[in-house]
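First to last, the sequence lines map onto chains A and B. Going by my numbering, the residue at position 95 of the first sequence is 95; the numbering climbs one at a time, nothing skipped. Going by my numbering, the residue at position 387 of the second sequence is 387; the numbering climbs one at a time, nothing skipped.
None of these hints come from the bench; they were simulated from the model. Predicted model only: the values in this text are computed from it and were never measured. Heads up, none of these hints are tricks.
Chain A stretches covered by chain B per the calculated footprint, using a threshold of three residues with CB under 8 Å from any CB of chain B:
id : region
1  : 105 to 113
2  : 143 to 155
No farther apart than 30 Å at their CA atoms in a straight line, the calculated lysine-lysine pairs in the DSS-like style are these:
id : chain 1 : residue 1 : chain 2 : residue 2
3  : A       : 73        : B       : 198
4  : B       : 946       : A       : 118
5  : B       : 37        : B       : 54
6  : B       : 362       : B       : 381
7  : B       : 381       : A       : 244
8  : B       : 915       : A       : 73
9  : A       : 185       : B       : 54
10 : B       : 297       : B       : 710
11 : B       : 7         : A       : 202
12 : B       : 7         : A       : 118
13 : B       : 19        : B       : 946
14 : A       : 244       : B       : 378
15 : B       : 341       : A       : 73
Just so you know, even glycine gets a beta-carbon here, dropped at the ideal spot from N, CA and C.
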Amino acid sequence: MTTLPQSTGKKLGLVIDLDICVGCQSCATSCKEWNTGGYSAPLSDHDPYGGDPSGAWLNRIHSYEFDDGQQAKTVHFPRSCLHCEEPDCVTVCPTGASYKREEDGIVLVNPDTCIGCKLCSWACPYGAREYDYDDGVMKKCTLCVDRIYNETIPEEDRVPACVRSCPTGARAFGDLDDPTSDVSKSVIARGGFNLLDEFGYKPTNKYLPPRKAEVPAAPVERQPEQVAAPGNTAIEKLFSWVDKALS
Amino acid sequence: MNIQQPKVETSAPVGDEVKQTTCYMCACRCGINVHLKDGKVRYIEGNRDHPVNKGVLCGKGASGIMQHYSPARLQSPMKRVGPRGSGQFEAISWEEALETATEWLGTVRKSDPKKLAFFTGRDQSQSLTGLWAMKYGTQNFAAHGGFCSVNMAAGGLYTFGGAFWEFGDPDWDYSKYFMLFGVAEDHASNPIKIGMGKLKNNGAKIVSINPVRTGYNAIADEWVGIRPGTDALFAGALIHELFRTQQVDLDYLIRYTNSPWLVIQDPGAADDGLFARDEDGNPLVWSRDAEGFASGKAGDLSASLTGSRTLADGRTARPVFELMAERYLDEEYSPVAVAEKTGIPADQISRIAAELAHVAFKEEIVIEREWTDAWGRKHDKLIGRPVSMHAMRGISAHSNGFQTCRMIHILQILLGSIDCPGGFRYKPPYPKQTPPNLLPHGAVQDIKPELPLGGPHLGFPHGPQHLLIDDDGNPSRIDKAFSWDAPMSSHGLMHMVINNAAKKDPYGIDVMFMYMANMAWNSSMNTPGTLDALTAKDENGEYVIPKIIYSDAYYSETVAFADLILPDTTYLERWDCISLLDRPISEAEMMADSIRHPVVEPDRDVRGFQTVLIDLGARLGLPGFTKDDGTPLYPGGYPDYIVNHERKPGIGPLAGWRGKDGETFGVGEPNQNQLDRYIENGAFFEHKIAPEHAYFRHANRGYIDWGIEKGIRMSPDPTIFQLYSEPVQRFRLAAQGHGDRQPPARAKDRIETHFDPLPFWYAPLEETMVDTNTFPLHAITQRPMHMYHSWGSQNAWLRQITAENRLYIHTDVGKSIGAKDDDWVWLSSHHGRIKCQVRLMDGVNPHTVWTWNAIGKRRGAWGLDDDAPESNRGFLLNHLISELLPEREGGYRYSNSDPITGQAAWFDLRVAIEKAEDGAGHTEPFYEPIGTGNQPASPEKLAYGKEFRKAKS
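Chain A with its partners taken away, still in its complex shape (with noise of 0.2 Å):
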């Protein structure tokens, strides 16, 4: 078992906009390439240019229809760990590998004491972890530790990659703890939600929902002007009209 800090310094974590992510992939890609190279160092791939090619990756998307009563729609789901305040994940480690930041309440996982005995991907209810066959440990999202911080790279690209790269902008990274910023404001503006919230876990990162289409000031149906012309077609009525707006 491993414990759980009392509290955390912030609570850091992504807002994920339902309501205009296209699907694109940018985030899941830019993921795997970053920590590939990053803190998590490989994400390994099983048969890459085979039968069944497989490998870790710390974020994916999922792409389903629902319908909402009108008309069939498609939402993409960005999946990846939500960075829980009281995540069943760390406290079963055996090892203590599995841990959340006092400082940030980023969850981790520490490669030098993982066995990788599956544990926290089992407690795990969003499937937010993924067993590294090749380097035998167990990876997951660090909300890109090795770059929020980084003093080497420029400040406005202290953020995880996925936020880095996301074309529609619907990703955003903040603290979630500060009713002051961005990311919390905009839970409160769009009713941001947590997945799964029966469960307890109390996740950091939110969901902002599809919106419902804000049709413009419903249109009154023009009805032509009637001229007095010498026809009574459409057509009469319109090249009346326009004798009559530029005369």
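Since the structure of chain A is provided, determine the placement of chain B on it from the hints.
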């Protein structure tokens, strides 16, 4: 257990250095920062300063590492030593490869230059490849536009001097209503994604018109699940409603369009349907102020939109506006009339039309900003109609795509929303003149041994006088472009070349030279027929297409069918320029171009294709590639050419840092440090347009004059939108028996019907020729976003996301044949049949099936194992698509293409579906593997990045 939190290194340097270049995972050309560590690529991210992607990067771009280190990369030049398709190659030296190519090409050039067909794929160097083909002197050159987007390019350029995608974009900042026609998940990549994110956050409404609701369409506020090929009925009904409810921008139409121009009404006369003109050739309008005729180019704001006029010769002429109103107010375009064919309820069409008009006219945007129009009138504000539109494949790839595209532009123009705030905005160097003033070259009588062409191959005919045909009306070109089969085929018909050459129709060739186009697989219509053509032999046992030279970076299916392979580099190893002479990266508010430069050195014996082409040009002694003394003009290869080539004095491939010391841009003498300046600036150049030049650029005096000064515009005249297209009418007149160049009897009806100067809807050609009861469904494709325009199948990461495809069918179709997810079906067309697995969904037009394009691969190619999902469960629709239309009376088979532009009509496909037994568990057709030549074996596992962790500790 309470443990000490380990110390984590959070400030490790990413790599040793960062080099900035341009992505090439698709055609978007985003700026990238390539982080290098120990000489290897550690990380690729978007360049925040770059005009195209502004820092973001898509799923492909972020997988560039696997593209670069793919085991499918070619290793060295090769010559074929077994039969075509066997994959038996022998590695040869570059010297041998280049000498072989020079001998083959030189022999043809000295005897009959048309016997070289040089066609390139999705490369971005057409200003070089086109120049090379011109200097070589063959008429047979084009790139892949004929099967990609020529309907969009031609439809736009003939109408308003711009086009969707590369020549313009929606005004993402100000638009309040955005209509997306037939755009799957691509064209463009990051710019559309960035833009749609902005629109959503600004509260704009997004309406998608697409038979399939995925990708961009999935986040639209309203989905119009239209039946394929009927978009012009939908657009026509919107126009009908705008006219019916009297909501069109009359002021805009008078100022910027040919709506007031008078059209001669004299059926049977040789000039019926042409513009009435004055003695100087100016089109006439009726001026209310002058109470008489005036020039339509004079900017007369009192020009009349209505009223028949009697010309000096007593004949009648009517303004375009009247003809247009009659066309679209006709009942055939009423919402009720089009509802059934389009599958869109009439009330939904009427409501969308009302919303468009509401946003355009009641929510107009006014920007206080002074500007001067083309006629010298000063304005103190910009009026914006914040309705924007974008269209691509679903419009383009139909045989009615040119007219459909034009109709969408007419809809935009009636709303006054071209190049205004909130509307569609041009990207420099657009707008150009319309009709475009670039004419095609390569008439058969102009082709002589060792003689260059007089001008570029591809252009925009204004009438039959510009066709490339001989005295008997036969095509000059191997692809029959600019002939009566496809008179306005401004991008050529690459999709016809191989099959025409094998049939020697119109003639045989000696050498086929291709670059970066997978014609032996997913880039051809009728893949089986194309393979037959590539391997066809004559009575002597010789290949009918005797010699095939191919350049590619990867071991694609096409490599196996070529005789001489010139291996290209990866995008991180090469020089390139993305030029204003070609397909630049400009954005609406800036003129921009960019380069690629080697950020890593090749570790194999490969060379950038453009450098090889320049080398061949010198070896062949082509003018433009050799000095007077016969030595190479560009001994430094492509970078030498990029810097020193001048298309006209002072105008070269790159616009930035010109002049001896790099102090000017646009026009200026070559600067030997130009490439260094680009590299210092992140591999691109941008010049922001002055605020007063930012809108209404078709008629913005300041912009036009600035454009001339900077070499991006030819004429000081405004671009007057051609709602009514006179060039189109000239072809129709020829079909009606006028002029000295008339179509052959078999083509007369076809030309007369389709060459309507006002856009109209006609049924896609295939469905008029096959039994639609037998083939009740439409079949279309799209690329997944993470593989758009890319060669994704050998990418170890991307293929983990998509390695096999399914046929997506509507739930009701599934029920009707008793199929559930993953069941096997036979899908058949008039041309062939395939076997594949299905997936059921609701967000698809019920008459339409679709799949992910180009996932299916042939065994042996792309460095994949024989049991790869791509070749066992992946499939292509290409096998079902004929490159020819079915035979009709008279026996002549036209290309399965738009009869106007020759655009490949691969979205016209009609199919039947039936349930199949599981059988062998693989898709059909299931081709034998092609041999893998001397390619290395692919690794069984990857641990990319492991070395970086070691290096760290």
